[in-house]
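Residue numbers (this note's numbering), protein chains in the order written: chain W, 1 to 808; chain G, 1 to 157; chain E, 1 to 285.
Honestly, the hints are just simulated from the structure, not real lab data.
Glycine is no exception: its CB is placed at the ideal position from the N, C-alpha and C atoms.
Treat each hint with caution, since some may be false.
[Claimed, not checked] Which bits of chain W does chain G cover? Going by a derived footprint, with three or more residues having C-beta under 8 angstroms, they are:
(1) 191–199
(2) 243–250
(3) 392–402
(4) 501–511
(5) 552–566
(6) 738–744
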Amino acid sequence: MAKADPKQYVGLAARSKEGPRLVTGQGRYTDDFTEPGMLQAVFLRSPHAHARILGVDAQAALSRSDVFAVVTPEDIKRDTKPFRPGRYAAGLKKPIAEYAGAVDKVRYVGEPVGAVAARDRSTAEDVLESIAVDYEILPANTDVHKAIAGEDASVIYDELGANLAWQGTLEYGDTEKAFREADRVVRENLKIHRYSSTPLEPLACIASYDRFSRKLTVRTNTQVPENIYDALRDALQIDDIRVIIPDIGGGFGQKIHLIRKYVVIVALLAVKSGRPVKWIEDRNEHMMAAGHACEQHFDVEAAVKNDGTVTGLRFKEIDDVGGSISTLTIHFTNKLNNLSNTYKVQNIRADGYSVVTNRCPVIPNRGIGKPGMCYIWERIIDRVAQDLDMDPSEVRFKNLVQPEQMPYTTPNGNIYDSGDYPGLLKRALEKVDYPALKEEQARERGKGRYLGIGVVIGVEPGGRNAARDMAIFPEMKETPGSGGINGATIKLEKNGTIALYLGSPNCGQAHETTTAQVAAGILGVSPDVISTTTPFDSDVAPWGVAAANSGNNFHLYDIGSIIGAATQLREKVLKVAGHILDAEPSDLEIADGVVTVPGFPRRRLTFAELGKAAYNNQSLLPEGIDAGLQTTFYYTFPHAQPNMVPGQDRRVRAQFTFGAGAHVAIVEVDPRTGKVDVLRYLIVGDNGTIINPGVVDGQIYGSAAHGIAVALGEGFVYDDEGQLLTITLTDYGKCSTAETPNVEVEHAPSPSAFTPLGQKAAGEGAAIPSPAAIASAVENALEPFGVKVRHLPLTPERVWQLIQEAQA
Amino acid sequence: MKQTVRVTVNGRLYEEEVEPRQLLSYFLRETIGLTGTHIGCIIGECGACTVQVNGTLVKSCLMFAVQANGKEITTIEGLAEGDALHPVQEAFINNYGFQCGYCTPGMIMAADSLLKKNPNPSEEEIREGLAGNLCMCTGYVQIVAAVKEAAGQVDNG
Amino acid sequence: MIPGAFDYHAPASLEEALSLLSANVDDAKVLAGGQSLLPLMKLRLAKPEVIIDIGGLAELNYIREEGDHIAIGALATYTDVAESDLIQNRCPLLAQTAVVVGDVQVRNRGTVGGGLAHADPAEDLPAAILALDAELKAAGPDGERWIPASEFFVTMLTTSLLPEELLTEIRVPARDGYKTSYQKVSRQAAGFAIVGVAACLKESADGVCEDISVAVTGMTDVAFRAEKVEAALRGEKLDDSAIASAAALVTDGVDPIEDVNATPAYRAHLAQVYVERTIQAARAG
């Protein structure tokens with residue numbers, strides 16, 4: 001019999017299913033929807049980095065007939081409850097109430113202070129100018145080192161008494177011994193700046209409230225329905241909540257966390273006005289207040305043997321977490337995901353310090369913290385190589401986990417499912433012809449041309465585990481969720497077509513195309529007859545804790561649940577067909593949507609015929625079987641144990657699959673202006689079994705381009721008063737086609753031992769090693785000047801200064 | 001005081017009363033309901049709202065609707081002919097030249113305009129020609145590939 | 001980001017535009033291509049009560065040869081200038097500059113007159129028209145007058161146009177036999193100039209500089225002529241070291257601005273490098 005073959009269409013560049021609608025302007029994003037009687041909201045925001053709110057006068061606004069509702073700090077305090085502290089705030093010594101809007105103080109420029117709902121957006125903006133806020137301006141805190149030194153300009157949270165809000169240590173193995181017995185210790189101070197992925201579609205929400213049935217419906221572009229669902233329940237004390245997520249114009253983490261503040265306030269406007277209310281964020285609001293990746297400072301030291309073996313790593317991390325306590329440890333705790341990167345070192349200690357500042361709160365962004373961890377490793381390995389006068393790749397080879405060690409358990413409890421790290425690195429060096437490249441570099445230096453080669457490697461973890469944070473907060477009484485759970489529904493319709501319903505939203509990762517490719521092989525149909533229903537709708541979607549367009553979850557939970565649901569549907573199809581065709585289900589074959597009894601060409605049933613039987617003809621159904629041809633399957637990661645929940649040893653599987661990539665950056669630096677040109681960027685990547693190469697390549701290109709741009713200057717800049725100087729995409733340094741280098745990708749997959757297709761994640765991966773690759777290449781180019789690259793970003797001016805400083 | 005705007009969009013004439021301060025992008029999206037023109041920054045940096053006015057590529061957030069009075073506009077919805085996709089649209093699909101799709105309409109309008117002027121652009125010319133349209137997802141590799149594929153297929157007559 | 005409300009006028013003639021402007025001189029803004037004005041209005045940094053849209057005035061939209069000058073109507077777009085055969089042949093510096101202003105969309109809508117009257121200190125074109133000794137025609141209720149480029153830019157966002165005047169034409173002397181180049185540093189191809197340098201020079205067969213003009217934009221509140229650089233090179237043999245040492249004079253007595261794109265020290269350094277590179281690029285053709 002023809003078995004279900006989940007891999008039949010896997011690996012093919014199947015035609016994009018979302019393509020036709022997206023290229024014709026038929027994508028449906030939140031702002032494309034209107035509701036009857038819909039109002040438009042705008043937010044009142046703080047112009048100050050730090051101030052006490054003494055009073056808000058909204059009388060003029062409230063007295064207008066075209067204004068339907070106004071929310072002020074008083075309303076927030078009276079009509080909403082604070083959010084429950086999440087897993088990133090679990091380390092607070094004292095609970096701090098964080099509301100959707102500012103209530104007593106503003107703590108960053110752009111913090112929402114209130115909102116107006118009016119007949120149209122123009123009116124709302126006009127009215128906003130009439131609201132007067134009386135502020136007592138307080139000194140701004142923008143320097144984490146001052147906080148660490150106990151020199152706060154002012155205290156941001158009175159409850160904390162100081163701006164150093166959290167401090168904690170993770171230790172695995174015996175670092176003291178490793179450093180005591182080391183031949184040498186290599187030290188470095190590193191820094192990654194604030195940046196974001198600036199999705200092109202800003203935050204958006206439409207809220208409607210039926211006050212007679214007490215049902216709240218929000219249509220919004222969140223990446224994680226759970227965050228919105230929980231936030232609305234906690235803040236507004238409403239239980240019946242429907243979250244609809246249409247097409248999302250890019251996420252990257254930006255639409256996970258702070259969006260809940262706005263959804264709550266827009267929902268409150270809907271409750272107050274009795275009308276549906278739409279809110280669309282402006283770009284400058286996004287830059288100021290939608291969240292940034294954290295500025296991270298690292299003091300790193302490696303215990304090294306003279307042969308290049310790294311036996312221990314210690315680092316102190318200071319995170320500038322901005323004016324919120326709700327993501328206090330997010331960048332630190334995410335380092336558990338790639339704490340040992342691709343290396344076999346057994347002794348690692350991390351000391352984390354989280355400092356609240358008067359800057360935008362920090363949020364997830366393409367890998368959260370993981371680019372920082374990779375930066376720590378790859379910079380210090382380069383430094384070790386320089387210290388020992390070895391080639392940097394040689395030091396890497398010396399320390400890489402070997403393919404025969406797979407599956408490999410890292411000191412902090414991650415289990416690397418598969419991978420050939422030396423193979424990736426070797427292939428990358430081969431592809432660029434490393435020896436010839438070194439020769440060219442030497443030759444060109446003689447002519448005053450400064451070429452640099454950066455070679456790095458990094459893991460790409462996939463599939464988040466919400467219990468991870470207990471590793472840094474053993475005092476947490478219950479897990480905030482653990483492992484991952486998410487579902488999918490598949491339905492064979494009466495016309496023989498297949499409808500999929502996913503448990504999670506998508507932000508442009510081609511979920512429709514890839515899930516159809518996987519389901520088609522199992523069901524014995526062409527992907528052409530499968531369609532995935534959008535938008536996500538919490539009322540009907542089979543969603544769980546992993547229903548998140550984040551954490552590189554899709555390949556695991558969505559694909560896993562599609563396989564489960566399709567397998568169950570196939571079984572049911574065979575049972576029903578067997579009954580109708582009077583054959584054993586196990587004797588039947590399915591191909592092209594037709595069930596046949598082999599050897600009996602006339603004993604056949606099309607999926608359309610089956611569908612009509614299953615929904616219309618009870619008499620055709622076997623006894624004891626539910627009517628209909630619809631299955632729902634919730635996937636949980638089958639190999640989650642051990643270490644799904646951290647024990648006393650704090651070992652935890654922070655994520656579940658581990659892809660990897662070796663990156664080579666070849667740059668040319670103009671020493672007179674400091675400008676860096678990326679001449680070539682190559683990735684040899686292991687993303688496990690690839691479902692659709694066109695889709696996976698796109699994910700890699702995009703995340704690499706972002707990591708490269710971040711390293712070379714994209715980022716947020718504040719002045720000492722906490723004013724954001726980069727509120728436009730241009731000032732922020734966003735790159736167009738003209739500034740973005742071409743990226744080459746070669747696949748060298750090691751299928752995962754744990755997942756049904758051998759699939760691993762592909763999404764944020766290339767954003768993790770790419771900043772380190774650029775740093776390494778620029779340093780290598782400027783070796784003749786004695787330049788050391790420690791801090792990002794490497795803007796032309798910064799590179800020029802590095803040269804000046806090195807020569808001085 | 002509202003003004004009357006008579007404008008032809010994708011071959012259909014519209015006559016609408018608008019506030020002078022209404023941007024062309026909002027006119028297209030909200031007044032006449034063509035939501036394929038997206039808004040990503042509203043100050044002319046991102047190119048998501050790019051359309052063609054009298055055959056010329058413009059950002060519709062940098063024009064008031066009243067400035068389009070008497071003009072002919074093509075938006076992403078007007079590019080395909082009947083059920084047949086435009087060659088640039090087809091090439092974007094073939095090359096996965098989009099991810100979230102938010103920049104895509106503006107990008108395709110820009111690519112079409114570029115190829116009408118320069119039917120066989122070099123990679124550098126493509127990259128310069130699309131420099132007014134930002135994409136946050138793709139790293140542009142497959143977008144450039146799509147434009148290369150569509151080159152020579154766009155009717156520049 | 002919606003602009004404040006305003007009354008909109010689209011005059012049918014320059015005369016009508018001027019009388020509307022005179023009648024609303026305190027409340028009006030003139031709209032040409034709108035590529036600079038609209039962002040300001042959306043941020044509500046500009047809140048004009050009256051908009052006078054001159055964009056439809058065909059009488060201000062031309063590029064034509066007038067003897068040894070080229071006359072450019074204020075409403076010619078950057079694309080018009082960049083693609084004009086006449087300008088490419090007889091005054092290539094203008095085309096070289098116009099083609100790197102903003103991006104395609106901005107060049108298609110943005111007008112030369114609008115951009116110059118806006119007087120953004122990081123705008124590209126001021127460097128070119130200064131280097132070319134252009135003249136700008138202002139039309140007002142009392143008739144027309146010519147303003148030399150060197151007197152046109154007063155300070156950031158301020159020109160010597162009177163409130164009731166409109167910029168109607170830019171007149172540029174043809175530069176036959178000159179070598180020219182415009183080079184700029186910007187973070188993005190479509191970005192404003194951190195430093196932009198226009199150079200226009202005439203060289204004898206044996207490499208002696210017979211005439212040179214160099215102008216710099218992006219560096220201070222207002223674009224300026226690098227007169228010390230010019231003086232150091234005029235009549236001298238143009239070799240690498242002469243150019244490099246002359247270029248260093250660009251920062252003499254100049255206080256570069258500071259913004260998120262560059263510190264004054266780096267801007268000054270870039271100006272020196274780019275003056276040198278622009279002169280070299282002009283010579284290389």
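Evaluation of the provided hints:
no.: 1; hint: 191–199; in the structure: holds (count 3)
no.: 2; hint: 243–250; in the structure: holds (count 4)
no.: 3; hint: 392–402; in the structure: violated (count 0)
no.: 4; hint: 501–511; in the structure: holds (count 4)
no.: 5; hint: 552–566; in the structure: violated (count 0)
no.: 6; hint: 738–744; in the structure: holds (count 4)
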